[in-house]
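Visitor: Please model the complete structure; the sequences and the hints are all you need to start from.
Chains as they are written, first to last, in this note's numbering: chain F, 1 to 140; chain U, 1 to 201; chain L, 1 to 389.
Rather than coming from a laboratory, the hints here were simulated on the basis of the structure. Each residue gets a CB set at the ideal place from its N, CA and C atoms; glycine is no exception. Mixed in with the good hints there might be a few duds.
As the list claims (entries may be wrong) - Heads up, simulated EDC-like pairs for lysine to aspartate or glutamate below, C-alpha to C-alpha not over 20 Å straight-line:
#  : chain 1 : residue 1 : chain 2 : residue 2
1  : F       : K109      : L       : E252
2  : F       : K109      : L       : E250
3  : L       : K175      : F       : E45
4  : F       : K48       : L       : E207
5  : F       : K48       : L       : D70
6  : F       : K48       : L       : E252
7  : F       : K48       : L       : E185
8  : F       : K48       : L       : E254
9  : F       : K48       : L       : E250
10 : U       : K136      : U       : E200
11 : L       : K65       : L       : E31
12 : F       : K48       : L       : E97
13 : F       : K109      : F       : E16
14 : F       : K109      : L       : E266
15 : F       : K48       : L       : E317
16 : F       : K48       : L       : E31
17 : F       : K99       : F       : E11
18 : F       : K119      : L       : E39
19 : F       : K119      : L       : E185
20 : U       : K136      : U       : E109
21 : L       : K349      : L       : E73
22 : U       : K136      : U       : D65
23 : L       : K110      : F       : E129
24 : F       : K48       : L       : E39
25 : F       : K119      : L       : E97
26 : L       : K65       : L       : E90
27 : F       : K109      : F       : E11
28 : F       : K99       : F       : E68
29 : F       : K48       : U       : D65
30 : F       : K119      : L       : E250
31 : L       : K65       : L       : E17
32 : F       : K48       : L       : D196
33 : L       : K349      : L       : D70
Unchecked claim - Which stretches of chain U does chain L cover? Using the computed rule of at least three CB atoms under 8 Å from a CB of chain L, they are:
#  : segment
34 : 58-65
35 : 78-90
Now for the letters of each chain:
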Amino acid sequence: MSILVVANATEFAAAEAALGPLPGFRHLRRPETGLLMLRGRIGGEGTKFNIGEATVTRCHIVTESGTEGAAYHLGRDLGKAEKAALFEALTREPAWRDKVEAALLAPVKARVDEERRTKASETAATRVEFFTMVRGEDPR
Amino acid sequence: MRRAAPRPRFSGFDDPVFDAQMTFRAVMNATANPGRVEELSLLPDMPSRLAASLAAAALALIDHDTPVFLDRSFASDPDIAASLSFHTGCGFVEDPSCAAFALIGHPAECPAFSSFAQGTLEYPDRSATLFLQVEKLDNEAGLRLRGPGISDSRHLAAAPLPASLAEELAANRERFPQGVDLLLFNGSRLAALPRSTRVEG
Amino acid sequence: MYVAVKGGEKAIAAAHEQLSRARRGDRAFAELELAQIREQLALAVARVMSEASLYDAELAALAIKQSRGDLIEAIFLARAYRTTLPRFGESLPIATERMTIKRRISACFKDMPGGQVLGPTFDYTHRLLGEMGKAADEENVASKPGVPASCKMPGVAHLESLASDATASCPRVAKLLGNEALIEEPPSPSHARPGDITREPLGFPAERDVRLQSLARGDEGFLLGLAYSTQRGFGRTHPFAGEIRFGNVEVEFEAPELGFSVPLGEIEVTECDMVNQFRGSANAPPQFTRGYGLVFGQSERKAMSMALVDRALRARELGEEITAPAQDEEFVLSHSDNVQATGFVEHLKLPHYVDFQAELFLLRQLRREWEERHAAVTATQQPSREAAE
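Guide: Right under this line is the structure:
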């Protein structure tokens, strides 16, 4: 589910193209957008408090063969929620699991890992060590 | 991925937004015309123990911010809590005074109205709305109603009802502007008894 | 008193048309795309998200475009939009200690574990207009990402090894002092449901959870001014920036129908842990106290201001004398919301014709009475003065 959350429209489309027709499904809950109150903790670790809300979209489906699939993600992309819910169900159908892994999950994971590595090295380049200069006397 | 034991899920309203709006309008009309029986046309897929009109009103009115009390008859069917929670996001409370909505499947055994949230003088809206599921609901005879929204008087026949309904409603009327509001449901029909209505025998 | 006015429909429609034209500006230039606003005006987007209390960069960008860059109007638009959406629930508390750090600095410890990471900052820029904002960015970005040549200088450790642990969790600076009990612990976690000003109207005295929610959506300028006032002596708290971190945190939600928590994606937040001197009181030994700031997006100024004002507002709790505006929670919290404030200030331009006529009538009457009294006094004083002469 955590990989499906970060998959984008292009990746879903590529997976669909590779996998051919996907099984039919019906909605248990149509894609819908709502709010989630985001919470933090005072000092990062103390009492909870409400920071503010975020838009969240969710969808819940059941496939022809009776497997349920659910999707929740930040943002308002209704189409993505439906796709993610269907693929989530397929990851738990033996006939589909490996195919979905190869056509969707693996490429998405590779992209995300690569982006993380790039960001991390960009960030690391700004790491600094400050030296305190000794004042008022000769350091030697 | 872990997952709770599979249970047949009910898909609720066909069109959640518009069906809920139509239902809301029917409930509003019923409340504006106390005792007048309204018919709902857009009914959701929900557990059959719930009257279709009650299920519709629940989906339209209940949300994540409104704690729900289920009486024993409704609580004994786990599909009811599961499907309400799934579609509305509501939580459930056992203390009736904490509930915004109370769903009562056996009105004859309904807890005393005074045990539900009555609102405060500053915020009379912080009170409970009681959903009573009845087996008979029409405007043929029965209770004679008077008050705002009723020209002269109106008859409402509903059964079964709490044993001491007349006394309960009279006491509820006395607490105005505090007090609870009642919605009665049968099949696809509903009627309202808001706190402003006076009931004569 | 408000009295309905009628008429003006045509003029209003024409004004709105003119607004549309003004918003579009000169058609010789391309129209702004939302993605351009989101990507290139990210700090304006962050401010709108924070103060609208709504994390959604696309919506914030749309609001900025629709409001012609008037950020308070954009915040208003985003706040209005959020009222149309149902709430699905509350997230698990975000774990800022597991943040993917993009920036992390401390003004207290130069050698903190995890190191100081400058990230994308205006600090150390020369504020030479035109130097950074123009072509230079294109050249910088076009070259291979990650390792600008300018970083290969003394004081910057070996980059490859750093890249691997840049996302490793960095311990909080406050923890470095924790063992000696020289710094207070944050209020211990409880299962109590935090207050929510979007559900319960703000009341006084307000608890710290409610104050923080209110400050998180408070106006950056107002909080900055208050924070500055505490530094200048109006409620002095001797602050140090213990730690400021900016980066990505995962949002997790426990969906009731699933029965376990699911990740929903990441958000960017800025967190500030301000460390303040405290002389101690009858009940508490001298120790450092803390103020906390947490806001959406990259917004260091806001997070720091929030932390300073949070600390100032703890005066009652810490037994400090309340002498300054920043310590007065009713003053601070009642006036920090810029949508409320702009509503009440700007409503003055709406028709007050009946009010004003009533005031005018009253004033004329008072004036008439004053003139009659004045004439009478002058009349009685006149003879006596003559007599004195």
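Visitor: Next, verify each hint and record whether it holds.
Guide: Hints, one by one, checked against the model:
{"no.": "1", "hint": "F:K109 with L:E252", "in the structure": "19 Å, holds"}
{"no.": "2", "hint": "F:K109 with L:E250", "in the structure": "16 Å, holds"}
{"no.": "3", "hint": "L:K175 with F:E45", "in the structure": "11 Å, holds"}
{"no.": "4", "hint": "F:K48 with L:E207", "in the structure": "12 Å, holds"}
{"no.": "5", "hint": "F:K48 with L:D70", "in the structure": "33 Å, violated"}
{"no.": "6", "hint": "F:K48 with L:E252", "in the structure": "15 Å, holds"}
{"no.": "7", "hint": "F:K48 with L:E185", "in the structure": "14 Å, holds"}
{"no.": "8", "hint": "F:K48 with L:E254", "in the structure": "16 Å, holds"}
{"no.": "9", "hint": "F:K48 with L:E250", "in the structure": "16 Å, holds"}
{"no.": "10", "hint": "U:K136 with U:E200", "in the structure": "19 Å, holds"}
{"no.": "11", "hint": "L:K65 with L:E31", "in the structure": "10 Å, holds"}
{"no.": "12", "hint": "F:K48 with L:E97", "in the structure": "15 Å, holds"}
{"no.": "13", "hint": "F:K109 with F:E16", "in the structure": "17 Å, holds"}
{"no.": "14", "hint": "F:K109 with L:E266", "in the structure": "15 Å, holds"}
{"no.": "15", "hint": "F:K48 with L:E317", "in the structure": "18 Å, holds"}
{"no.": "16", "hint": "F:K48 with L:E31", "in the structure": "43 Å, violated"}
{"no.": "17", "hint": "F:K99 with F:E11", "in the structure": "14 Å, holds"}
{"no.": "18", "hint": "F:K119 with L:E39", "in the structure": "16 Å, holds"}
{"no.": "19", "hint": "F:K119 with L:E185", "in the structure": "33 Å, violated"}
{"no.": "20", "hint": "U:K136 with U:E109", "in the structure": "17 Å, holds"}
{"no.": "21", "hint": "L:K349 with L:E73", "in the structure": "16 Å, holds"}
{"no.": "22", "hint": "U:K136 with U:D65", "in the structure": "31 Å, violated"}
{"no.": "23", "hint": "L:K110 with F:E129", "in the structure": "7 Å, holds"}
{"no.": "24", "hint": "F:K48 with L:E39", "in the structure": "31 Å, violated"}
{"no.": "25", "hint": "F:K119 with L:E97", "in the structure": "18 Å, holds"}
{"no.": "26", "hint": "L:K65 with L:E90", "in the structure": "30 Å, violated"}
{"no.": "27", "hint": "F:K109 with F:E11", "in the structure": "11 Å, holds"}
{"no.": "28", "hint": "F:K99 with F:E68", "in the structure": "18 Å, holds"}
{"no.": "29", "hint": "F:K48 with U:D65", "in the structure": "18 Å, holds"}
{"no.": "30", "hint": "F:K119 with L:E250", "in the structure": "16 Å, holds"}
{"no.": "31", "hint": "L:K65 with L:E17", "in the structure": "16 Å, holds"}
{"no.": "32", "hint": "F:K48 with L:D196", "in the structure": "11 Å, holds"}
{"no.": "33", "hint": "L:K349 with L:D70", "in the structure": "18 Å, holds"}
{"no.": "34", "hint": "58-65", "in the structure": "holds (count 3)"}
{"no.": "35", "hint": "78-90", "in the structure": "holds (count 4)"}
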